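A.B. asks: Input sequences plus hints: build the corresponding full structure.
Each protein sequence line maps, in turn, to chains P and F. The opening residue of the first sequence carries number 743 in our numbering; numbering runs sequentially from there. The opening residue of the second sequence carries number 743 in our numbering; numbering runs sequentially from there.
To be clear, the hints were calculated from the coordinates, so they are not data collected in a lab. Nothing here was measured: the structure is a model prediction, and the numbers come from that model. Possibly wrong hints are sitting among the right ones.
It does not matter which identical chain is meant; a pair holds if it fits inside one copy or across any two.
What the hints assert, rightly or not - Mimicking SDA-like on lysine to any residue, the simulated pairs with C-alpha atoms at most 25 Å apart in a straight line are:
#: 1; residue 1: K1298; residue 2: V1287
#: 2; residue 1: K902; residue 2: I819
#: 3; residue 1: K1187; residue 2: P1326
#: 4; residue 1: K1337; residue 2: R1348
#: 5; residue 1: K1298; residue 2: V1342
#: 6; residue 1: K1298; residue 2: H1255
#: 7; residue 1: K945; residue 2: D998
#: 8; residue 1: K1337; residue 2: S1223
#: 9; residue 1: K950; residue 2: W984
#: 10; residue 1: K747; residue 2: T961
#: 11; residue 1: K1187; residue 2: R1230
#: 12; residue 1: K1187; residue 2: E1162
#: 13; residue 1: K1138; residue 2: S765
#: 14; residue 1: K1337; residue 2: P1240
#: 15; residue 1: K1346; residue 2: D1334
#: 16; residue 1: K1002; residue 2: E1333
#: 17; residue 1: K1135; residue 2: N767
Number of protein chains: 2
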Amino acid sequence: MSSQKTLGILGGGQLGRLLLSASQNLLIPTLILDPSPTCPASQLLPSPSQHIVKPFTDAAAIMELAERGADVLTVEIEHVDVGALRGVMERYDGLEGRRKVEVHPDPGTIEVIQDKYKQKVFLRDAGCALGEFVEIPSGQKEEDAVKEATEGLGLPLMLKAKRLAYDGRGNYLLRSSEPSAISTALSALRGGTQKDLEIYAEKFVPFKAELAVMVVRSTTGQVKSYPCVETVQRDNICHLVWAPYPDSSAGDRARDVAEKAVAALGGAGIFGVEMFLLEDGSVLLNEIAPRPHNSGHYTLSIAPGASQFENHLRAVLGLPLGSTEIGEGCTAMINLVGSSSSSTSNAGSDSTSTTSNTLATPSLDTALSSQTTRALQTPGASVYLYGKAECRKGRKMGHVNVSGPSRGEVEGRVKFILGEASDATQSSSSEERAGAREGSKAAKKPLVGIVMGSDSDLPTMRGAAEVLKEFGVECEVTIVSAHRTTDRLVEYARSASPRGLHTIIAGAGGAAHLPGMLASITPLPVIGVPINNAGGGAGGGLGGVDALYSIVQMPKGIPVATVAINNSANAGLLAIRILSAVVPRLRGEMEDYMKRMERVVLGKVRRLEEVGWEGY
Amino acid sequence: MSSQKTLGILGGGQLGRLLLSASQNLLIPTLILDPSPTCPASQLLPSPSQHIVKPFTDAAAIMELAERGADVLTVEIEHVDVGALRGVMERYDGLEGRRKVEVHPDPGTIEVIQDKYKQKVFLRDAGCALGEFVEIPSGQKEEDAVKEATEGLGLPLMLKAKRLAYDGRGNYLLRSSEPSAISTALSALRGGTQKDLEIYAEKFVPFKAELAVMVVRSTTGQVKSYPCVETVQRDNICHLVWAPYPDSSAGDRARDVAEKAVAALGGAGIFGVEMFLLEDGSVLLNEIAPRPHNSGHYTLSIAPGASQFENHLRAVLGLPLGSTEIGEGCTAMINLVGSSSSSTSNAGSDSTSTTSNTLATPSLDTALSSQTTRALQTPGASVYLYGKAECRKGRKMGHVNVSGPSRGEVEGRVKFILGEASDATQSSSSEERAGAREGSKAAKKPLVGIVMGSDSDLPTMRGAAEVLKEFGVECEVTIVSAHRTTDRLVEYARSASPRGLHTIIAGAGGAAHLPGMLASITPLPVIGVPINNAGGGAGGGLGGVDALYSIVQMPKGIPVATVAINNSANAGLLAIRILSAVVPRLRGEMEDYMKRMERVVLGKVRRLEEVGWEGY
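C.D. replies: Here it is as structure tokens:
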């Protein structure tokens, strides 16, 4: 007699498995439709009665989900029988005492998205910015139509299958308009079997980056997006995702594009929106998936936000949407993609899997076993394996999320996991060797930049570097002259935040423009050290007051945090106080530092009182 | 032929369920021993063959775990048959071709911990700081021994059962040494049935806070701890956990105590260490649980660290330990404890559970259904329900983790979930009404304190408050005079960081001591605004240079981030840049702000060029 809704999911692959895992925390009764009795989702299902072992393209099986009690149907894959979904909605329409079964997202939306050409037309009509594309009518004139498309859209030209294309399948990059090249392309796209595959052509977009945004839409039409991420493909399969995309201005434009596109579609659920960022900064929509998406797996490792899977559940069940906030720092997602068809016994014979501290997971090939092993050694890394029975080339067997305080730090960890760096300093074992409390000395990429106008300032500025070293905070130290290397100044300031710096300390003497100019370009806090370079250079004559006034008296709008003349140690300490917001250990260590100062002075108190002022 | 280890867990309650959930991400084959066929863990098990439905105190059943293939046995509850665990280790000792089955933590450790008195003796002998305690020998002289204990340890006196005590059961606070009171206490402790229950007495410890630290110990003896948390009990059951404990110095002392205690114990796994923080700042050990612990549930919502459940798995399986780092901000854990024995039908009749956007979970009582519903409306909240078949008074049915940027913010969210505040501004729906992008205007508790030496400084200092308001950052504005309210100055500075402030902006004129004195006490960044209060107050005469020098020329060790004279707007902007490290949206908004400034000036450029200098 409970009013709790039962969920039915079409598809039990990794997305179904991760949806199911999220549903279990909320005790949502769930049914799965998947033809494989050992599909990834089935491994989390307590009862075989919750798994209908039939194709998700089978209309009767889809109806069976409703018959067995599902109140809401949703999909983890868009290649489903849309007519069958409509049939369920008609039979269970909630009228005249009949049960009501909802389908989210709307079958109409799934239908539009299933056909990539139809999807593009729909989105273009909805006012979304897209690259140019043109239909290739099938039939005898097809090769002529392709030739015509190369004339209209240029070469190279993307030829795409309208349906059932993913992970690089159904895409072909045509580089020549010769009849033989066109003929080869069409054969390659269709393989031997898919004679009736319809295709269309897209203008090749030379992009600066591929971006993606997960957007969730509630049953009431409310739309919320997660931050923009960058996706990196390898062999046409998603290899890495970087969250968030460091250029937040481009990221915000992408979120606007994605939210607008999803708002135009019907139905509730999460949508993965893929986009291109062009060199001129504009954002073009590429395509949309009406379900959880590989580019949103990183959301499993964010706090305080809800994952894409939880938000999909909330959306389709009509619950309030959860936060799409992600914390400070950077998260990368590494897909564990099979590189060979190694079977269990191969993995078992991998030398790394027989040592005691290794997870000997059957069905991962040697390369993936090694990546998983290294991920377990990496701070901030979480491993998600999908439980697919067999590893195949190009098959997604799992993923690793790796988080850290900065992009640079996470890049190091990703390289280590991928086996591209033997740098074990990224692993927790090195931390253990250093005997440091967790995370305290992990940062290898600089969080603070120390710059000065001239090498003659270095003796003064080293105080800042020494303080940062004492607190175990990595910094970079270099020379940037506002007046003599202006281009370098602009480049340094512009790249500082994207490179992962959190604060800049700038020292300069005389007409000290460096701190203020940096602050005019970067959104980071800039700490200015007025330098009195007595006897030499620009600081001579005015005792440092010239530099102090130049640094501190900034116009409204551009603050510089100014410290005392020549007191670069205080600039370092101020940077530590600022960083303590993101590196929590620093707050306690700053308190300890202050207590040590107190003890030093109290020691002198005692000595002065014991010895007397005459003998001190 | 795989070398993958199979895990056997004694107990399938909520801790077993959450362990199992973590094991599924790593595809670790797992068996559960629990007498209830519908225990929480069983609901995540794909095959009934993975669940041995027998008591975890049954020696034959424990042996059956090993017989069915478990390579590592662990516990989610310490009240198990230690002899049976030793029997498994003896039979499966890995010698002479026999299989090896490991037991973690060590049965000896479980045995010591099972008996609270034995535990205390062990820890005292290991050099841990404990409150005083004394054994009460059972038998005819028992009442005399209690009377003697009240003389030695004072009143009130804690009487505790040596075994099977948890969630307040087995504890009695004796307030009088009258024979009748002692007799009542002993009857109450034993109930009607437990005639042979042995007890001991503990000196009552008047604590400032109850602290807890989760410590994980690897098979190689490596020890790592999570940050210290505060636990808040209600009716002797854990009600709330606050992570981290805001006094990081006390927290670090507690971590040291906890790590030392766990290092003294044998065996691998996670340990929950409960402690008392006394008024004098000292930390006393209370007791240890050799398993995942309620006070560590918050670790499910931290990033980038690994949860206590994942780290327990890693420890007992001999895998590398995961990070115990937690991100910036605050996480609270609310236990969903049954307040009545409401059954499903009661919950179903709750008016809130029939609306469409409510999770109608059977078996939660009305109060818990409401808390769950509100948790789903709260940003940063994650709900974990355990799937217990029946709700009972005092039974833990689930928990909610709530994260946010500051303690103050999270306190508001916790109150909303508990129904102690009708303040719907904490809910996501209010954010939606405000049309703000997720999280952007969520902070209701101040992140920045603006203080000034005198109300005459307010016209100058309002610029800072206006900037913070423009960026949607909550601030508090007040008067603190270094020279006239010194006690208030010390109190303000000392409480600033624990209260959740991230930055202080202080304005003062003349011999401007306020910013520097604040910076001498708080570890937070302090921004100083030199005030030239022309014509009035302290600033007259020297044009603000007096205040500038007083603020900027701080001695080495104590930095103040000084901005231009009277330029409090820049102080506000500097605070925004500093906060952008923890409130990521601010970095992009600062970039936008800088671009708007650029556009304003470029507009003037165009106008001047169009109109000409004469007409401008």
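A.B. asks: For this structure, which hints from the list above don't hold up?
C.D. replies: none
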